[in-house]
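Straight run, no breaks: the sequence shown in the numbering used here ends on number 547.
In short, the hints are calculated from the structure, not lab data.
Keep in mind that a hint or two might mislead.
DEER-style ranges, computed between Cβ atoms [stated by the list, open to error]: (1) Glu-399 with Ile-462: 35 to 45 Å; (2) Gly-392 with Gly-175: 46 to 56 Å; (3) Ser-162 with Arg-442: 55 to 65 Å; (4) Gln-328 with Leu-367: 24 to 34 Å.
All residues carry an ideal CB built from backbone N, CA and C; glycine is no exception.
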Amino acid sequence: MHEARRNGQVLGTTRVERSGPRPDHLVLRVPEARPARGAHAVQRYRTIAMGLALSDAACVLVALAVSYFVRYGSRPMAPLEAAAILAAPLLWVAVFHAFSLYAPQHLSAHEEFRRVIGATGVGIVLLVMVSFWSNSSFSRGWIGLTWLLTLFLELAARRGWRWHMYRMRMAGRLAYRTLVVGTTAEADRLCQILDQEGSGFLPLGYVRPRDQVVDANKKPVLGELGRLRELIREHAADCLFVASTAVGVEETAMVAQAGRLEGTEIRVSANLPQVLTSRLSFQKVGPAIALSLKPARLSASQAAVKRAFDLALASAVLLATLPIWVATALAIRLTSRGPVFFHQERVTTGGKVFRMHKFRTMRPPDGTIGLDTTVPFFKMEADPRLTRVGKLIRRLSVDELPQLWNVIVGEMSIVGPRPLPANQVAANAELLSPRHEVPAGLTGWWQINGRSKVTAEEALRLDLFYIENWSLSLDAYILMKTFGAVALARGAY
């Protein structure tokens with residue numbers, strides 16, 4: 055067997071087969087050309103990584119220049135300061151590389167957010183050290199403004215790049231050509247997940263370990279595990295995705311060797327609940343490798359930090375939005391009969407019932423509408439009870455502002471599962487009680503993932519994901535995403 059080439063590119067495998075009664079009679083068969091490896095997702099990810107490095111360098115340069123102008127005006131820059139600014143992009147890219155921020159295919163949005171904050175902080179500290187060693191006159195005001203501006207620019211740029219990658223994934227231009235190792239039911243389920251639009255993978259078929267029964271049927275079985283390297287080359291595979299329950303230690307070692315020699319990515323499925331990668335770590339236990347899952351419950355110090363953050367932010371936002379409160383109250387009073395505020399019993403941490411406050415958006419109940427409001431996450435997209443002003447108030451999420459007082463008095467948190475009415479919880483106690491492990495929130499994980507447009511089952515799953523993966527950085531990520539969700543009024547009704 056040998057490979058046919060044209061202009062240095064592998065076209066396909068040429069097989070020399072014996073046929074007919076005479077052993078010296080040869081038949082030459084040249085199959086169709088197979089796609090060249092590296093011409094698709096792998097190369098595009100490398101291009102994106104280069105673009106990320108350039109945008110990171112531009113962010114710190116712009117931040118340093120703008121903050122210098124704000125701090126010093128048109129004062130000429132000293133040579134040492136100019137040299138430090140010119141050297142900053144190299145330092146910045148090195149720090150971001152150390153935080154593994156140039157492999158976006160391996161980072162979730164939240165994990166990238168967390169690492170960008172950490173890398174920006176380390177980068178600023180190093181800039182301060184450079185200014186000290188070089189006797190530059192970097193003032194604390196300049197450094198502080200640079201940090202804030204750089205963080206804003208970095209997060210905005212990374213958001214733009216993530217949107218670009220999302221569009222490319224949806225168009226199928228960032229999809230790894232993938233071989234699924236295993237033919238069990240788990241491999242079948244894995245293949246179904248990878249086959250979804252925008253997953254970032256293009257499953258080609260299964261690779262069957264020795265003597266394994268074929269249960270999978272979503273894709274064809276392409277060959278045996280013993281021919282894995284040949285299958286990688288034959289199908290131009292970029293990734294090997296292993297169904298963990300389908301292989302043993304020896305088969306896993308074979309996959310690792312084939313991936314190393316052929317330069318392909320290797321992914322292994324983990325039968326875990328949905329968790330953030332920041333909670334996972336690997337530990338060596340004798341000859342075995344264990345996946346460690348860090349606990350997500352709030353420690354006493356973390357709870358204190360969360361409460362202090364809630365108090366500070368809720369108080370600041372309440373004071374800043376007082377004019378909006380006055381305008382909203384007047385609009386409600388002048389356009390419909392009834393009170394300005396709406397109060398309802400809701401449920402928070404530990405099943406405790408409290409009185410939640412909102413601006414009234416509906417007409418007073420007249421008994422003409424019979425609705426079963428005990429359905430979990432009950433909400434109507436075109437609710438006939440809404441007033442004209444109420445529709446606008448809900449669309450802008452202004453009706454939620456009075457809950458800032460609930461946060462200040464400790465009945466709610468800024469971030470957490472949305473509190474549900476007491477009658478809903480009472481009617482669905484077994485289903486909804488897991489949501490009450492943490493304090494109810496003004497915004498939450500499912501608010502930034504569709505708000506009212508998600509189904510009740512999806513909303514519950516998203517709330518449990520938040521509880522399972524709670525962290526201060528996740529709260530910060532949700533809060534920043536909330537601004538975008540409110541501005542675009544996605545799912546607000």
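Now the hints, each set against the structure:
1. Glu-399 with Ile-462: 35 to 45 Å: 19 Å, violated
2. Gly-392 with Gly-175: 46 to 56 Å: Cβ of Gly-392 to Cβ of Gly-175: about 50 Å, so the range 46 to 56 Å holds.
3. Ser-162 with Arg-442: 55 to 65 Å: For Arg-442 against Ser-162, whose Cβ atoms are near 41 Å apart, the range 55 to 65 Å is violated.
4. Gln-328 with Leu-367: 24 to 34 Å: Once the Cβ atoms are compared, 27 Å apart, the range 24 to 34 Å for Leu-367 and Gln-328 holds.
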